[in-house]
Structures are given as C-alpha cells and as structure tokens.
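Protein chains in written order, with UniProt numbering: chain B, 1 to 384; chain W, 1 to 384.
Because the hints were derived from the structure by calculation, they are not lab data. A virtual CB, placed ideally from N, CA and C, is assigned to each residue, including glycine. Any given hint could turn out to be false.
[Said to hold, decoys possible] Each computed BS3-like pair below joins lysine-lysine, with the alpha-carbon atoms no more than 27 Å apart:
1) W:K166 with W:K202
2) W:K376 with B:K67
3) B:K86 with B:K303
4) B:K92 with B:K34
5) B:K34 with B:K45
6) W:K347 with B:K45
7) B:K149 with B:K161
8) W:K354 with B:K9
9) W:K9 with B:K354
10) B:K384 with W:K9
11) W:K384 with W:K374
12) W:K374 with B:K9
13) B:K384 with W:K384
14) B:K376 with W:K92
15) B:K34 with W:K34
16) W:K303 with W:K318
17) W:K318 with W:K347
18) B:K347 with W:K233
19) B:K303 with W:K202
20) W:K45 with B:K34
21) W:K92 with W:K67
22) W:K202 with B:K374
23) B:K303 with W:K376
24) W:K9 with B:K346
25) W:K45 with B:K9
26) B:K45 with W:K9
27) B:K9 with W:K9
28) W:K186 with W:K234
29) B:K303 with W:K186
30) W:K202 with B:K45
31) W:K318 with W:K384
32) B:K45 with W:K318
33) B:K202 with W:K374
34) B:K347 with W:K67
35) W:K303 with B:K34
[What the hints assert, rightly or not] Among the chain W residues that face chain B by a calculated CB cut under 7 Å, a handful are:
36) F4
37) Y24
38) W29
39) Y32
40) K34
Protein chains: 2
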Amino acid sequence: MHFFSSNFKLGILGGGQLGKMLLYETRKWDVYTKVMDASPEAPCKIACNEFVEGSLMDFDAVYNFGKDVDVLTIEIENVNLDAMEKLEQEGKIVYPPTKALRIIQNKANQKLFYTDNQIPTAPFSRFAYTSEIEDSLSNGGLQLPFVWKSAQFGYDGQGVKVVRTKEDLKDLPNVECIAEQMVDFKNELAVIVARSPNGETKTYPVVEMEFHPEANQVEYVICPGRIEDSVAKKAIEVALKVSKNLQHVGLLAVELFQTQDDQILVNEVAPRPHNSGHYSIEASYTNQFEQHIRAILGLPLGKTESKVAGVMVNLVGKEGYTGDVVYENIDTILDMEGVTPHIYGKKQTRPFRKMGHVTIVDEDMTRARQMAQKVKETINVISK
Amino acid sequence: MHFFSSNFKLGILGGGQLGKMLLYETRKWDVYTKVMDASPEAPCKIACNEFVEGSLMDFDAVYNFGKDVDVLTIEIENVNLDAMEKLEQEGKIVYPPTKALRIIQNKANQKLFYTDNQIPTAPFSRFAYTSEIEDSLSNGGLQLPFVWKSAQFGYDGQGVKVVRTKEDLKDLPNVECIAEQMVDFKNELAVIVARSPNGETKTYPVVEMEFHPEANQVEYVICPGRIEDSVAKKAIEVALKVSKNLQHVGLLAVELFQTQDDQILVNEVAPRPHNSGHYSIEASYTNQFEQHIRAILGLPLGKTESKVAGVMVNLVGKEGYTGDVVYENIDTILDMEGVTPHIYGKKQTRPFRKMGHVTIVDEDMTRARQMAQKVKETINVISK
C-alpha cells in the first residue's frame, strides 16, 4: 500500500526524542502515524496521529500495536522481538527486520556477528554473568584493563564501564556481558548507511566524534570528519560490509574506531536515526530522519551529501545541577550565525542528562568548529 | 516571560498549512503552543499543544483566546482586529501589531499607506462599491484595462481580476474595491523582511516569482532571483522602507514588480510566513518559520543567507480533476537529487487548489531551475 493511501498507517515503537524528529518528516508528507510508548509523557505524543500507551517489551502490547499498522519501525532497539517476529511471519512489513534487530539488540551477538563475517572489531570475551569474569582474570584468560559491556540494554553510556582493577567489577550488575580489549584509537568515527528493501544503499559522509571523557557521551560530531581520504574510504567500506551482512532496512549508524595505525574497527551499530546524524537536519540535502522514512517506505533514497559543513554539540546537564531546567545564555547562542538549538523539552535536568543538541553550520569547517567551541562555552544547562 | 518558562504559551490565530510549518519550529524549541481555527479538521490540530475551535472573525472567540496566551500571532490576516486591539491595549503582546494588520487587511488602506509614505506602487482608484466603477469608466476617470481587487479578504488569487471590458465587471461582487493600473512588468519579485520588537531587521535575498498565467498562482519561486544587482538592491531598499513605515514585528513578505524600465513597485505585503519563502526550509541558514518565531519572541534574528540555490514549485490540482487526491509520479520526483516534496494533507483536489509544494536545491542555480522544470513536468496532482 502506498503511504498516500487513505488507510495507510506507519507504526513507530518508542515515543522519545528520535521518534519526535522522525515525526516532523512524516508530517511533511502527511504520513499517518501511530506511536507506542510506555510513558504518557512521551515527546511524540503531541506530534503523531494516534498514541498508544504500552510497554515496548511486552509481547501482547507490541503484537497488537503492530497488527494495526501497515509498516512497523522503531526509534529504540529495546523492543519485544518475539512479537515483531510473529508480525513479520504473518506478513507485516517490519523494518529494521527482526533478524537484524536480534543481532544488534544483544552486544555479545553483535560482536559474534562481526567475527563471523570477518568485520574488523576489537577482540572480546563473552560471559554469561559478570561474576565469571574474575575467574577468567585469575586464570589468565583475560587481562586488565578492558571495557565491560552489558550484553542487553546498553544505551547512552549506560551499561558500559572501563575496568582497570578487580575492584571496578564490584559495582557492576551480574548479567550477560562482554569484556572487550581497549582500543588505542586516534579518532572515533561514524558512518550512517541507508538501505532500501531492494538493497539500494547510500552512505553519509564519515563523521568524527569527540567524547566527553567523564560522561562517555558524544560532545561534538563533526561532518565531514577531518581525516585522510584513505581512512574515510576504508570507514565507508567497513560500514557497507556491516550493512550488507546485516540486511537491515532503514538507517544503520555504524560507530567506528580509527586506530593509531589507521585500522578501522567497528565499535557498535544502531539500526535507526542516531545522535551522530543530527547534524544532517541543517547540513545535509536529505536529513537522516527523512532518509529513514524513505527507506522503510520503499521510496528512493535521497542525496546524502552536505550543503555546508556541520558540527553538532550535545546539550547535557551541567555537573552540580539537578532540578527544573534553565538554558542559560540560549539567547546569546541564537545570536551566533548558523547556530540552531534543538531543545528536547525535558523539564528536569541532572548531570550529563541529554537535554538537547545544537547544530552549527558554515561554508567553512574551521569556522564551524570554532563556533561550536564558543557555543559549548556559552550555553549552560543548569537548574533554577 | 521567556519562552522557556514553564507557563509560557504562544497563541496562533489560524490552523492552516502555514501554521503547521510554524509549529515544526516551536517543537524544535519546545515552545508551548495554542492554536485557534474554525475548522476541527485544521492541519495544525495534531501539531500544537492545545487546540481551540473558534471563528477568527469573532470578537469574543479571538479575545478569549488571546487572554490565555503570552504572545499572540497569526498565520492568516483575516482575523478580528478589534479583539486584537483590545488585547494589545490591555498589555498583551500581539505581533504583528494591530496597527500594521489594519493597514494590510484592507487593500485600499494598504495602497493609501504606500502613497502616504512615498512608497512606489501602481496608480489606483478606490471605490466603496464595485458598481461605482462603471460611472468612473463612463466619465473617463478610469481607463480599461485595469486590475480589480476586493479591498477585503483577498487570498490566493481570490478577489483579484483583470478587467478588460465592461462585461468583465458583471461577475464581480459589489464590495469595497480598488481599480489598479496594470503594470507592464519584466519580473515579479519578493523580499522577506524580518523585524524584531527592538527594530532590528534582516532581509532574505530577493526572489523571482513566475505565475501560472491562468490560475494567478505562483508557479516557481527562485532564490536568488536572476536579476541585476542594482535591481536587487533597489528591491531591498523599497522592502525595508515598507517594513520601517509599517513598524511590523515578525516577517513581512513584500511582493514587488520590476517594471520594463527597472522601477520597483510594491504590489502587496503579508505580515507572516509566505509562499515566496518556502524555499528557505531547504535553502536558507534560518528558514522563514523559525525566523518569524525568533522575531515575535524577541530573540536575535537568524542568518538569512542561503546555503544553496533554491527553487520552489507549487503543487496545485490539475485541471479536469476533482476528488480524492493522487500524487502521480511522486516516487519519480523523490528519486531526483535535492528534491523535497511537502504534501499538505488535503484529501480532495480540484483545479488549481494548492495541495503542496516541492523545493529543489542545488549548488548551481541553472541545475536547480532545470530540475524544477522536470519536477513540474513529472508530478501530477490528480484524482482517483
């Protein structure tokens, strides 16, 4: 059914900020949308045609929601896959496909997928429980330091910890996990790949990411990344290999490490619009949200090139402030050329909470990067 | 009160397509919005925080609506000005100000305003009733042909007619009107001026408009207009003079004629986002909707320059088709680079009804213009 048909419904699992930005694009084309989220306060609630309150991890809730829509997609990976698989088996269009989601949803499966498909990634060990790690350290099967990652439900720096001593293991939940060798990297990069149901793919330029050292959250995303062409080429090749082997439909954000000797290793992937692509709203010919919609509706993919250089700054709650949010100096940054704040509308701030992002665009990357620094130094997400 | 304050409400009179595009920008900044429109099917209904059904021409409806918001704006000029004036007198922030709206709402007043302020415009006569025109023709006070315009409620080609013979007068409503001398023009141009409460102004580049000869609707808007610098400079000067004398706040779209001898005459103005600025969503650093919001909220104005060349094509219902709309070949135009359709979501098409628009952007204006032609030739707004 074409999305212009009067009965067409697009279903989105998850009603968060990514979903809200997806919904702007569906409005542009008057696509009828239905969203499910567990929270009656979900940001998507006022931007969709129909809203259903329900748990994304509940089989019945997801299954019944899916039955009522024509195309089902996600804005977050943590959804009930058994329900999605059943819908798929019954002929429902589910993008990304359940098979790809199942690989991605569990970080241990994701890592095994990379090694099975000869996709370069950091060496790792898999553990059924965190408590098994100590034995492995004792018998020499694993060396300190390493990166501990919970296999399930990792998001936004949650479920990831650098373990430098045995002591560091104490606070970790006793769950299925991986221990990944630390990568000595020059840069963290990302490539967004869009893929259609017919296998057509387009890649966005390689972006460079700078992380906040303490919060493990992206601080700047820079497009195009200031890297050598040969490195960019390799990054795109690796991202396309992941895409091809995953057989996803929609976007795939591939996070990569560029090592000191210019190897490209896959860190992890997300099968949806991603923080590393927010710059595209202001900088690209086709923004990542429109592109995801194009892909899952089987429409031709849009041009992924940039009109101008873009730098994205995440707006996170400042340390030491918890409570009703205030965006100090937002008027000052609105007075800088090419600066667009996006405010997510969360009423409460707390240290490092993601409250919004700001995109800075300019014909000249050096100017955009300088302006981003100024934005970062000027705006403060604090409490009253 | 700053728009981030938890109790802040922005009120918008009119819930049509322009309002809907305004609302995308308020969502970006999480501005709380309340919209009033007479139609329960208004496009804005699903994109605002609060929706009120009510007539925009009804004193009580507008007054009560205005009392409940902190800043009141419009997306259409035909609103009850007495109610807005009362709100203004009571200290409510009303942008555009009622004084400017009163001048603009009545086309005879608008023309008098131009002559009073030495702003170049086509010569005209004012009539209390269309029936008085015949006398004026008989006694030689007026010559055929001329452009008849209803003083009130002109919109989208309604209320405007070229009168070439006395016969042409027969079908016209017997209302307050003007008879305007026909202008022998080379080009129709437009300049959008943004103006803050403190009098700061910024102008968008001069755009060139091509009208559909039969429907009297804009067919292409081209930014930047392919005109000489001296003409562009004069157009901007005239637009700024209108802006300064009107003392509006928010956007002012100034439609202009470039005559055969390169004079610039003001045709008419609109104190709000305008069809001639739709290209800005894809082409400009700050799109016109965000700019209107910035201005009326007293925020710094954004950069008005373009990232890339833009051409906008209006999507109007094809002649000979009335009924449930079909966008024939929309997938084909989605496959062209830099092409973004905007579909307004009207379910029924009829000849020349405005159903959406398509923006074409490219680094190169010649390519953008060629692509726009191709878009125009490809997509058809027809019925089932």
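Going straight from one Cα to the other, do W:K45 and B:K34 come out at no more than 27 Å? holds, 16 Å
Report task. Take a quick look at whether W:K45 and B:K9 sit within 27 Å of each other, Cα to Cα. Result -> holds, 18 Å
Please verify whether W:K347 and B:K45 have alpha carbons no more than 27 Å apart. Roughly 24 Å separates the two Cα atoms, so the pair holds.
- Query: Does the structure keep W:K303 and W:K318 at a Cα separation of 27 Å or less?
  - Reply: This hinted pair is violated, its Cα atoms lying about 37 Å apart.
Task: Hint consistency between B:K303 and W:K202 [alpha-carbon to alpha-carbon, up to 27 Å] - done: The hint is violated at about 31 Å.
So if I understand the rule, the pair passes when the alpha-carbon distance is 27 Å or less; does B:K303 with W:K376 pass? Within the cut-off at roughly 20 Å; holds.
Quick one, are B:K384 and W:K9 close enough, alpha carbons at most 27 Å?
-> holds, 20 Å
Straight-line alpha-carbon gap W:K303 to B:K34, limit 27 Å: Violated. W:K303 to B:K34 sits at ~36 Å, over the 27 Å cutoff.
Check: Within a Cα-Cα threshold of 27 Å, do B:K347 and W:K233 meet the stated pairing?
Finding: Measuring from Cα to Cα gives roughly 46 Å; hence the hint is violated.
For a C-alpha distance cap of 27 Å, please report whether B:K86 and B:K303 respect it.
Violated, at roughly 34 Å.
Original post:
Straight-line Cα separation of B:K45 and W:K318 no greater than 27 Å?
Top reply: Not OK: B:K45 and W:K318 at ~36 Å, beyond 27 Å, violated.
Under the criterion that the straight-line Cα-Cα distance not exceed 27 Å, is the pair W:K9, B:K346 satisfied?
holds, 17 Å
When held up to the earlier numbered hints, the structure conflicts with 1, 2, 3, 12, 13, 14, 16, 18, 19, 27, 29, 30, 32, 35, 39, 40 and fits the remainder.
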